[in-house]
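Chains as they are written, first to last, in this note's numbering: chain A, 1 to 238; chain B, 1 to 267.
Do not rely on the hints blindly, as some may be mistaken.
[Said to hold, decoys possible] A few chain A residues facing chain B, derived, Cβ under 10 Å:
{"hint": "1", "residue": "K102"}
{"hint": "2", "residue": "G103"}
{"hint": "3", "residue": "S128"}
{"hint": "4", "residue": "H173"}
[Claimed, not checked] The calculated lysine-lysine pairs, modelled on DSS-like cross-linking and capped at a C-alpha distance of 30 Å, are:
{"hint": "5", "chain 1": "B", "residue 1": "K194", "chain 2": "A", "residue 2": "K42"}
{"hint": "6", "chain 1": "A", "residue 1": "K227", "chain 2": "A", "residue 2": "K202"}
{"hint": "7", "chain 1": "B", "residue 1": "K228", "chain 2": "A", "residue 2": "K102"}
{"hint": "8", "chain 1": "A", "residue 1": "K44", "chain 2": "B", "residue 2": "K143"}
{"hint": "9", "chain 1": "B", "residue 1": "K143", "chain 2": "A", "residue 2": "K102"}
{"hint": "10", "chain 1": "A", "residue 1": "K44", "chain 2": "B", "residue 2": "K228"}
{"hint": "11", "chain 1": "A", "residue 1": "K234", "chain 2": "A", "residue 2": "K44"}
{"hint": "12", "chain 1": "A", "residue 1": "K165", "chain 2": "A", "residue 2": "K42"}
{"hint": "13", "chain 1": "A", "residue 1": "K165", "chain 2": "A", "residue 2": "K102"}
{"hint": "14", "chain 1": "A", "residue 1": "K42", "chain 2": "B", "residue 2": "K263"}
{"hint": "15", "chain 1": "A", "residue 1": "K234", "chain 2": "A", "residue 2": "K202"}
{"hint": "16", "chain 1": "B", "residue 1": "K77", "chain 2": "A", "residue 2": "K42"}
{"hint": "17", "chain 1": "B", "residue 1": "K3", "chain 2": "A", "residue 2": "K165"}
{"hint": "18", "chain 1": "B", "residue 1": "K143", "chain 2": "A", "residue 2": "K42"}
{"hint": "19", "chain 1": "B", "residue 1": "K263", "chain 2": "A", "residue 2": "K44"}
{"hint": "20", "chain 1": "A", "residue 1": "K165", "chain 2": "A", "residue 2": "K234"}
{"hint": "21", "chain 1": "B", "residue 1": "K107", "chain 2": "A", "residue 2": "K165"}
{"hint": "22", "chain 1": "A", "residue 1": "K136", "chain 2": "B", "residue 2": "K194"}
{"hint": "23", "chain 1": "B", "residue 1": "K263", "chain 2": "A", "residue 2": "K234"}
{"hint": "24", "chain 1": "B", "residue 1": "K107", "chain 2": "A", "residue 2": "K44"}
{"hint": "25", "chain 1": "A", "residue 1": "K44", "chain 2": "B", "residue 2": "K261"}
{"hint": "26", "chain 1": "A", "residue 1": "K102", "chain 2": "B", "residue 2": "K194"}
{"hint": "27", "chain 1": "B", "residue 1": "K228", "chain 2": "A", "residue 2": "K165"}
{"hint": "28", "chain 1": "B", "residue 1": "K3", "chain 2": "B", "residue 2": "K143"}
{"hint": "29", "chain 1": "B", "residue 1": "K194", "chain 2": "B", "residue 2": "K228"}
{"hint": "30", "chain 1": "A", "residue 1": "K165", "chain 2": "A", "residue 2": "K44"}
Hint data in this document are derived by calculation from the structure and do not stem from the laboratory. No experiment lies behind these values; they were computed from the predicted model shown. No residue lacks a Cβ here, since even glycine has one placed at the ideal position from N, Cα and C.
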Amino acid sequence: MRTHFIAVLATTLVTGGLVRPAPPRAAGTISGKVTYTGTPPKMKPIDMAKEPNCATAHAAAPVLTENVVPGPGNSLRWVVVYISAGDQGSTAGTGTIRLDQKGCQYIPHVLVLQPNQPLDIYNDDPHSHNIHPLAKLNPEWNRSQPAGAPPIHTKWELAEFIPVKCNIHPWMHSWQVVLTTSHYAVTAEDGTFSLSGLPPGKYTVTAWQEQFGTQSQDVTISGTETKAVDLVFKATPY
Amino acid sequence: MGKLFAVVLTIITVVSTAIFATRVWWLPTDISLHGPRIDHQLVETMVSCGVLFVVSQLSLAAFAWRYGDRRDGRPVKAFPGGATPMVVMAVVLVGAEILALTFVGAKLWAGIYQTPPDPNSLAIDVQAEQFAFYFRYPGPDGKPGATHPELMNEATENYFGLDPAHDTTARDDIVVPTLTIPVNRPILLTLRAKDVNHAFYVPELRIQQDFVPGLAIPLHFTAVQTGKFEIVCTQLCGLGHYNMRAYVEVMPQDRFDEWLKEKVAQQ
Numbered sequence: 001m002r003t004h005f006i007a008v009l010a011t012t013l014v015t016g017g018l019v020r021p022a023p024p025r026a027a028g029t030i031s032g033k034v035t036y037t038g039t040p041p042k043m044k045p046i047d048m049a050k051e052p053n054c055a056t057a058h059a060a061a062p063v064l065t066e067n068v069v070p071g072p073g074n075s076l077r078w079v080v081v082y083i084s085a086g087d088q089g090s091t092a093g094t095g096t097i098r099l100d101q102k103g104c105q106y107i108p109h110v111l112v113l114q115p116n117q118p119l120d121i122y123n124d125d126p127h128s129h130n131i132h133p134l135a136k137l138n139p140e141w142n143r144s145q146p147a148g149a150p151p152i153h154t155k156w157e158l159a160e161f162i163p164v165k166c167n168i169h170p171w172m173h174s175w176q177v178v179l180t181t182s183h184y185a186v187t188a189e190d191g192t193f194s195l196s197g198l199p200p201g202k203y204t205v206t207a208w209q210e211q212f213g214t215q216s217q218d219v220t221i222s223g224t225e226t227k228a229v230d231l232v233f234k235a236t237p238y
Numbered sequence: 001m002g003k004l005f006a007v008v009l010t011i012i013t014v015v016s017t018a019i020f021a022t023r024v025w026w027l028p029t030d031i032s033l034h035g036p037r038i039d040h041q042l043v044e045t046m047v048s049c050g051v052l053f054v055v056s057q058l059s060l061a062a063f064a065w066r067y068g069d070r071r072d073g074r075p076v077k078a079f080p081g082g083a084t085p086m087v088v089m090a091v092v093l094v095g096a097e098i099l100a101l102t103f104v105g106a107k108l109w110a111g112i113y114q115t116p117p118d119p120n121s122l123a124i125d126v127q128a129e130q131f132a133f134y135f136r137y138p139g140p141d142g143k144p145g146a147t148h149p150e151l152m153n154e155a156t157e158n159y160f161g162l163d164p165a166h167d168t169t170a171r172d173d174i175v176v177p178t179l180t181i182p183v184n185r186p187i188l189l190t191l192r193a194k195d196v197n198h199a200f201y202v203p204e205l206r207i208q209q210d211f212v213p214g215l216a217i218p219l220h221f222t223a224v225q226t227g228k229f230e231i232v233c234t235q236l237c238g239l240g241h242y243n244m245r246a247y248v249e250v251m252p253q254d255r256f257d258e259w260l261k262e263k264v265a266q267q
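Please build the complete structure, drawing on both the sequences and the hints.
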């Protein structure tokens, strides 16, 4: 009787609720490119005369505005592509994400992280910055970070698209995108992206661009296939 | 002790007067058309105040030297009529001096700030915000686009809230963070604040004017010397006030025309 009980308990542990089953091995990929039709706005050179350190650093090649960054073949950079519905097999974000303030620019311009994922913000410039994330669902804050100050360790609890500005240098602008899914990507210079590790199922893929809004498409993944998805925004010059 | 006080007071008086008299500590070189009048008024004010300062301080030192060490408590001599006429006389004399300086100064100030600008002035809009200045030129069409506060967006460099999608006059507007102007040409600035009070101060231009939210404040001047000069905010406007500055770049007309062409091409 006792032996039988132990055998049943062991079987339950291995196959049942106490031991989490491993995710199915069959996983598909969604990859593609984000492009635009129409005429996008011009990327304007940023004059940093107010901060001589930065003006000198970029004297040879002025920094351009990054609200719309078009690339070859009408591609769009800095677009966040993610699973907005039907998400499964997502894991919590654990690695530390890094945001730099260098040459009076936020690097990267768009970063994605998950709720409670550690975020470290560095000031690499020889002068102060003031980071001001304009959060609405999460608590809004703004903090000064003088030259040589240690990094700011922070995190966000709720999913939100948060614009970030510098209170000292008005041209400094970036986005921190907090997503519950771990299936996300930020488009590269050529507009390409890839979402991998997707178990079979029906998904909605959404692309978010800070000025043009969102574009979505439904995709069904079965097995280990790679589905190609191209998302197209309508661009206007103003 | 009285003699020591007299000596220290005399030294302070002589040194502080010398600092101003020798112009060790003075305003930077004036580059504006109206500046000589301001400087002249400043010198008059400094001389009249300076003479009174020196006379009063040295008199005080002389009395301290002569009577400061007496310990018997007897008055040396009483002012005719007692303390009341002495106080009244002091108030009247000091009041008359301040009033005279105010009238002369106000006349000069009004002559510069309250006179109409030259009709051929180059009109430039100035916007102050925490913690930067931005300058807008109307572009080749000569018409500045309408501003819409709800459209202000720093990420797209739309600091003035222009609406180029619907307003064609706004499309060629030039917005820059450095005030670039031609030399010897009257300039008409219109100052607006986006958030709180700020100030536009260029010591070399002998101009200091506040920005007040909700008001469009005109300010006109002519720069007569080329160069690059600092514009600073002199109203405590928040955390980054210490870093709120811009530059005014005064250049020859032909270089200014080239600069303008270059900016138009970037639109």
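Cross-check of the supplied hints:
no. : hint            : verdict
1   : K102            : 18 Å, violated
2   : G103            : 16 Å, violated
3   : S128            : 7 Å, holds
4   : H173            : 4 Å, holds
5   : B:K194 x A:K42  : 25 Å, holds
6   : A:K227 x A:K202 : 12 Å, holds
7   : B:K228 x A:K102 : 26 Å, holds
8   : A:K44 x B:K143  : 21 Å, holds
9   : B:K143 x A:K102 : 38 Å, violated
10  : A:K44 x B:K228  : 24 Å, holds
11  : A:K234 x A:K44  : 20 Å, holds
12  : A:K165 x A:K42  : 21 Å, holds
13  : A:K165 x A:K102 : 14 Å, holds
14  : A:K42 x B:K263  : 13 Å, holds
15  : A:K234 x A:K202 : 26 Å, holds
16  : B:K77 x A:K42   : 84 Å, violated
17  : B:K3 x A:K165   : 62 Å, violated
18  : B:K143 x A:K42  : 22 Å, holds
19  : B:K263 x A:K44  : 11 Å, holds
20  : A:K165 x A:K234 : 26 Å, holds
21  : B:K107 x A:K165 : 45 Å, violated
22  : A:K136 x B:K194 : 22 Å, holds
23  : B:K263 x A:K234 : 28 Å, holds
24  : B:K107 x A:K44  : 46 Å, violated
25  : A:K44 x B:K261  : 16 Å, holds
26  : A:K102 x B:K194 : 27 Å, holds
27  : B:K228 x A:K165 : 29 Å, holds
28  : B:K3 x B:K143   : 71 Å, violated
29  : B:K194 x B:K228 : 26 Å, holds
30  : A:K165 x A:K44  : 18 Å, holds
Violation of the numbered hints given earlier is confined to hints 1, 2, 9, 16, 17, 21, 24 and 28; the remaining hints are satisfied by the structure.
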